[in-house]
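Participant: Single-letter residue listing:
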Amino acid sequence: MSTTARTATPSATASVRVEGLRVSFRGVEALKGLEFSFGGPQVVGILGPNGAGKSTLLDVLEGLRRPTAGRVWLLGQALGEGYPRGRVGAVLQREFVTDRMSAREYAALFSTLQGVRDGAPGILREAGLEHRAEVPLDRLSGGEAQRLHLHTALAHDPDLLFLDEPSAHLDPMSRQRFGERLKAEGRRRTVVLCTHDLTEAEAVCDRVLFLVDGVLRREGTVEALLEAVPPEARHTGTLADAFFHACGARLTDKGDLA
Amino acid sequence: MSAFSQLFRLRALEVLRARASAVFFFAVPLVLLAALAVTFANGHPFERRRVALVGPVPGGALPPEVLLVPTRDEPLALRWLSTHTLDAVLVTRGPPRVLTGPRGRLLGEGLAGRVPGAAVTTVPLPRWGYVHYLFPGLLAFTVLTSGLFGMGGALLRDRENRFLRKLALTPLSRATFVAAQGSARGLLVLGQSALLTAAAWLCFALPLTPWRALGLLALAACGLVVFLGLGLALACLVRAEALLVDAIFALTTPMVLLSEAFYPASELPEPLARTATFLPTTQLVRLGRVVLLDPSPSPRELLPGLGILVLWALLGFALGLAFFRWTED
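Chains as they are written, first to last, in our numbering: chain A, 1 to 258; chain B, 1001 to 1329.
Take these hints with a grain of salt, some might be off.
What the hints assert, rightly or not - Looking from chain A toward chain B, a few residues come up when the C-beta cut is under 7 Å (computed):
no.	residue
1	64
2	85
3	86
4	90
5	96
6	109
7	112
8	114
9	116
10	117
To be verified - A short list of chain A residues far from chain B (calculated; beta carbon distances all over 12 Å):
no.	residue
11	131
12	172
13	236
Claimed, not checked - Calculated Cβ distances over 10 Å to all of chain A for the following chain B residues:
no.	residue
14	1190
15	1294
16	1308
The set of hints was computed from the structure by calculation and includes no laboratory data.
As the structure is a computational prediction, the values presented were derived from the model and not from experiment.
Glycine included, C-beta positions come from ideal geometry on N, C-alpha and C.
Kindly generate the complete structure, drawing on both the sequences and the hints.
Facilitator: What follows is the structure, encoded as C-alpha cells:
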C-alpha cells in the first residue's frame, strides 16, 4: 500500500534514497531504520511532531551528521564516499544572523563558496533586496531574510534543495508568496521541505512523509494520504486528519485533540 | 573575490567595524604597558643581589645574599644591568672590576672588598630599563590573548550562531576557512604589535634598531601562529563559549606566570623551572629578550626556542584540524 511505511523501489536516479537509516546520539535513537526514496522535480514534505527526528534526518541528508547505521544516497552519490555539495542547496531552520555582515556580503560570500562568480547582484535582484543590500542581516525583516536565504541557496541552481521550517517567521502574506515560490521551484528540482505547518504542506507538497518517533509512519501524495484515513478519523478533510491519525491521535468533533 | 579573500575581509572588518571593539583591541595592550611601567618603576623586586659574572669564579668567598649569574661577555652583562634585573657586574676576565648603577655603589664597594685588586665603576642606567626587560613579556601576552581569543573565541561564536553550519553546506574546506581566519587575525595582531612596539620606543626609549623591530614583529608572528593553533584546538575540543573562556584563562595563567615575563625562571622551584622551558610563552619571552637586548645575538641562541614554538604550532593545528566541527553537536 502506497500510504504505509514502505521500501521504495531503489532508483539510480533518485534524488534521495535512504536504506535502514539509524541515528543515535547522547543515548537516544533518533531515527529507527528509515527506508524511503524519491526523485525528480517535486516538493517533498517531511512532517512530524516535535522530537520525531525531522531535524536529525535533515542533518544526515545535509551531510552534517553521520548515520549510526544504514546507507544514504543523494543524487546517486553514496554519503560517506563524498557529498554532492555543488548540487545541493539548503536553508537552515535558524539561519545565522549577525550585525557584522550585510545582505550583499552574505550573498557574495555564499554564492562564491558555491562557485558562482559575481552572484550577489543576481541574488539581491531575485530576492527584491537591491535597495537593502548594505543592511546588516539582523536588521532585515523575516520576509526579507527568508528571500535572501532562499535565493542564495538557489544561486548555483542546485538539483536538490533542503528547507527546514523556512516559513516559521513569515507573516501570512509573505508565507503565501513563499509557498508559491516553493511550488515553482518544485517544478525545476527536488525540494525537501521540513515543516510543522500542515496547511503549508498540503498547499505546496507533492509528496509527504510522516515521521513519528524516529519511524516513517506514512508516505505518499496528499490525496493518497487523505484517502487512507479511516472514516472515523476524518474530521477536517485536510492533511491534519492524516497527520493526527499517523501520530496515533485524533480530533474531536469540535476540532480538539482527543 | 575568492572565498579566501572574502572571508579574510569579513574577519578583519569584524573588529574594525565595532568602534568599542576596535578601541579595546588596540588600547588594552597600551594600558597594560603603562600599568606595568608604573608598577615596576622602581626596579626589580628581588631579595637576592644578582651579580653578572664575566670570567672565572673569583677566589674570595662572596656573601650568601649574592647570586652570581654567569654571563657571556661584558656588553651583554651591561645590557642586563641596564634593565635593572642585575645589581652589579663582576668582571674577572683580565684585571678584576665591578660595574654598578648609581644605586648599587655600596654593593659594588662590598664586592670589590672580596675580590683582591678589583676597582669599582659606576655606570649610568636608563630610567625605563626595567620596562625594556618587561617588554618581550608584554608582547608575548598580547599575542597569546589575541591568538587564543581571536581564533578560539571567534570560532566558537561562529559555531554557536550557526555560521559554521551554513559554511558546512558549501564546498568550503576546513583548511581554507582556518587559513582565512588566521590570516585576518594575523594582520590585525601585527598592526597591534607594531603600535605597541612604537609606543614603547617613543615613550619608554625601548632600545630599538630597525632590525630589532623587525625581529620582534617576526617573533610576534611566530607566536601568533602558535596561539592561533592552540585557540583552534581549544575551540574544537570545548563546546560552550563560557567554558572556552575558562579554558583559555586556565591555560594562560600558568603560561604567563612561568613565562619569565616578570622574573627569570631560575628563581622558580626546579620542576617549575624545567616545565617553564617548554612553554611557548617562555620561549617567546626569551627570544624577545635576545632580539631586543642582546648586543650581538647569534642565530644559534634562537634556534632551540624557535624549534619549541614550531612544535607547539604543529600540535595546536594538528589537534584543531583533527577535531574540527562545523556543527554544535
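Participant: All hints are to be evaluated individually against the structure, with a verdict given for each.
Facilitator: Tested hints:
A cut of 7 Å between beta carbons decides the hint on residue 64(A): the least distance to chain B is about 5 Å, and the hint holds. Given hint, residue 85(A) at the interface with chain B, holds; its Cβ is 4 Å from that chain's nearest Cβ, closer than 7 Å. The interface hint given for residue 86(A) holds, since its Cβ lies 6 Å from the closest Cβ of chain B, which is under the 7 Å cut-off. At about 5 Å, the closest approach between the beta carbon of residue 90(A) and any beta carbon in chain B falls short of 7 Å, and the interface hint on this residue holds.
Interface restraint check: residue 96(A) against chain B, minimum CB-CB distance 4 Å, threshold 7 Å, status holds. The restraint placing residue 109(A) at the interface with chain B holds, with a minimum CB-CB distance near 5 Å, inside the 7 Å limit. Given the 7 Å rule on beta carbons, the hint for residue 112(A) holds: about 5 Å separates it from the nearest Cβ of chain B. Proximity of residue 114(A) to chain B holds as hinted, the smallest CB-CB distance being about 6 Å (cut-off 7 Å).
Hint status for residue 116(A): violated, given a least beta-carbon distance of 11 Å to chain B, over 7 Å. A hinted interface residue such as residue 117(A) counts as satisfied when its beta carbon comes closer than 7 Å to some beta carbon of chain B; here the least separation is about 9 Å, so the hint is violated. Against chain B, the non-interface label of residue 131(A) holds: every CB pair exceeds 12 Å, the least being about 21 Å. The beta carbon of residue 172(A) is kept farther than 12 Å from every beta carbon of chain B, the shortest such distance being approximately 26 Å.
At roughly 36 Å from the closest C-beta of chain B, the C-beta of residue 236(A) stays outside 12 Å, upholding its exclusion from the interface. With a cut of 10 Å on Cβ distances, residue 1190(B) stays outside the contact zone with chain A, its closest approach being about 22 Å. No Cβ of chain A approaches the Cβ of residue 1294(B) within 10 Å, the least distance being about 43 Å, so the stated non-interface status holds. The claim that residue 1308(B) is not at the interface with chain A holds, since no C-beta of that chain comes within 10 Å of its own (minimum 36 Å).
Violation of the numbered hints given earlier is confined to hints 9, 10; the remaining hints are satisfied by the structure.
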